[in-house]
Amino acid sequence: MAGLLVLLSIALITIYFRESSGGGLHQVQSAGATVLRPFEVATDRVSRPFRDAYGYFAGLVHAKSENKRLRAEADKWRQLATQNLYASSANADLRRKLHFVNSRAFPSGYRSVGADILAQPSSAFELQVTIGAGSNSGIQENDPVVTDEGLVGTVVRVANNQSLVALLIDDATSVSAIDVHTRARGIVKAGGSFDHVGKDQRVNEGDQLVTSGWKEGDLSSIYPPGIPIGQVTAVGQNEVDLYKHVQLQPFANFKTLSSVLVLIPKNR
Amino acid sequence: MIADIGKGAAVLFVAAIVQVTLLSQIDVFHGAPDLVLVTLVAVALLRGTIFGAAAGFGAGLVVDTATLQTLGVTSLLLTIAGYWIGRYGETTGRDRTHAPFVSVAVVTLLYSLGALVLHYMLGDPASASRVLLHAFPFELIFNLILTLPVYALCRRLFRPPPSGLEEVQLLG
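Line by line, the protein sequences are chains B and L. Under the working numbering, the first residue of the first sequence is numbered 2, with each subsequent residue one higher. Under the working numbering, the first residue of the second sequence is numbered 5, with each subsequent residue one higher.
Hints were generated in silico from the structure; no laboratory data involved. Please note that a few of the clues may not be correct.
[What the hints assert, rightly or not] Label-pair ranges, simulated between beta-carbon atoms:
id : chain 1 : residue 1 : chain 2 : residue 2 : range
1  : L       : 5         : B       : 60        : 43 to 51 Å
2  : B       : 48        : L       : 125       : 32 to 40 Å
3  : B       : 64        : L       : 27        : 18 to 26 Å
4  : B       : 32        : L       : 27        : 23 to 31 Å
5  : B       : 64        : L       : 99        : 48 to 56 Å
6  : B       : 58        : L       : 7         : 37 to 45 Å
7  : B       : 5         : L       : 10        : 18 to 26 Å
8  : B       : 64        : L       : 123       : 36 to 44 Å
9  : B       : 4         : L       : 106       : 22 to 30 Å
10 : L       : 128       : B       : 24        : 12 to 20 Å
We put the beta carbon where it would ideally sit given N, CA and C, even for glycine.
Next up, chain B with everything else stripped away, as it sits in the complex:
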């Protein structure tokens, strides 16, 4: 009996395999499948709620692991995006500086050394920053420090690979300046006031101030002429004081400073 069934199975396989898709066995199978179809549909419908429930819970488990993976991925991309943003901003900053170095506004007779800001002022009382270039790069004390926006300050201390820069807004910083519109001369102190401007000189709000770069005999200003310092924001005078009261806003943004250029005389 069993042998007969085995032979019958082999015969079915052989016939089914050899006949065309429209053959007798194929048609019988097709008819059988049609008969079985309602049972399959019924089973499917009966089991659907259970399958849906299983799918829901399986989906939850899957969603948890997926969530964990996606969070890790999001963290990675966020870090990458931050790095890219920083690189992009640094790139734009460096491009501006490069453009400034190659422009006509860059003082002649000087070369520049680019340096990153390593340390910002630690308190409101210290208006000095540490930059990542020192005597090994040719920097000396009193070298002017600029950005493409304007004057930043002066080098006050030099190490091999680091320097300390007193910012323009430091109380100790004084810069001889000139009003580019009226040619009025004076001294910018602590980056906030334009002092020693005689009452007979004319200064207007909105005027731009640049370094005057004076020279008398062997003595000369440590700043080359023509470096933008700031814009006049207020002008006043009274009968008691000898000079005008002029307020200015520096061009350089000291809060967002990330890198600077140190100007070094070529003939040094």
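With the hints as your guide, set chain L onto chain B.
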């Protein structure tokens, strides 16, 4: 006997429909439980070679028809499996508690091997590593899990036949 045939046909028909409709959709590393095989093992263990072979042939036909696979392939494999398990149930495996589990484990392996060889002979694409290394362990686990409830159900449906022994009182 007629009742047994009816019950066997019904159980295996339901198993085959559930298999092709539901269980074939489970895929753990290409492995899925084989309810038809487990049910056939239980029926064959309880009812012997002829019943096992015939049940296997019928169940195989239903599966092949429903899945539109080459007619006779599953029948051939299940016929042999039903016969062999029936033989085991009639001899060594009789009344052994572990018989269903051993049968299912061995038949699952031999069935996978047989299917692989048969499909290979028919020129169907069949990956031995996929069938034996990836799918088989999970299929075996699924089948062993199914064995206990399926065998318990079949044991209820197919009560052991009377042994034929009667108490004899010796007189004189």
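Can you list which hints this structure breaks, lowest number first?
Per hint list: zero violations.
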